[in-house]
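Enquirer: Please construct the entire structure, taking both the sequences and the accompanying hints into account.
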Amino acid sequence: MDAELLTLANTAGTTLVTLLATDAWGKSASAVGDLWRRVHPERAEAVRAELVEARAEVLAAQAAGDGVVESELVAEWRRRLRRLLAADPGVAAELRRVLDEELTPALSASGRNWTGDVDMRAEASGHGRVYQVGQGTQHITEQ
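So the working numbering is basically just the index in the sequence shown, starting at one, shifted up by 220.
To be clear, the hints were calculated from the coordinates, so they are not data collected in a lab.
Just so you know, not all the hints are guaranteed correct.
Cβ pair distances, simulated, as ranges [what the hints assert, rightly or not]:
id: 1; residue 1: 276; residue 2: 321; range: 23 to 31 Å
id: 2; residue 1: 283; residue 2: 257; range: 25 to 33 Å
id: 3; residue 1: 283; residue 2: 314; range: 28 to 36 Å
id: 4; residue 1: 344; residue 2: 273; range: 40 to 48 Å
id: 5; residue 1: 246; residue 2: 347; range: 48 to 56 Å
For every residue, glycine included, the Cβ atom is placed at its ideal position computed from N, Cα and C.
Expert: So, in structure tokens, the structure goes:
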């Protein structure tokens, strides 16, 4: 799997699990279930039920202060999305749309931040500068 698809699956998996603990979880789970329906229609309802289960696990883990369970769920949904993309790389455009138009705006509206790793690369040449921030706010001041 190429790096772009891997990054897409990882970002979508992390965002999805983060949203499971918010009020936007139902809409997010439906969007991901609809995506599955296009590739594996026979699995769509099972995936939706697994997301309901995952939500219960995330909420229980957060109540207990157990960050390990949430990390494990993130890893699990990242793997599932990678397998989905491996089965049909053509679904990448639809996953990107779901991420950009449904999951990310829901995450922003919830006031939540991503958990997990952020992988960023940049290159500047000449007198160019690169400023990156994985999440949060970055303030640049000239000296």
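Enquirer: The structure should be examined with respect to each hint, and the outcome stated for every one.
Expert: Outcome of the hint check:
1. 276 - 321: 23 to 31 Å: Given a distance of about 27 Å, which is inside 23 to 31 Å, the answer is holds.
2. 283 - 257: 25 to 33 Å: holds (32 Å)
3. 283 - 314: 28 to 36 Å: About 34 Å separates the Cβ atoms of residue 283 and residue 314, which means 28 to 36 Å holds.
4. 344 - 273: 40 to 48 Å: holds (45 Å)
5. 246 - 347: 48 to 56 Å: Holds - the Cβ-Cβ distance for residue 246 and residue 347, about 49 Å, lies within 48 to 56 Å.
Hint violations for this structure: none, all hints satisfied.
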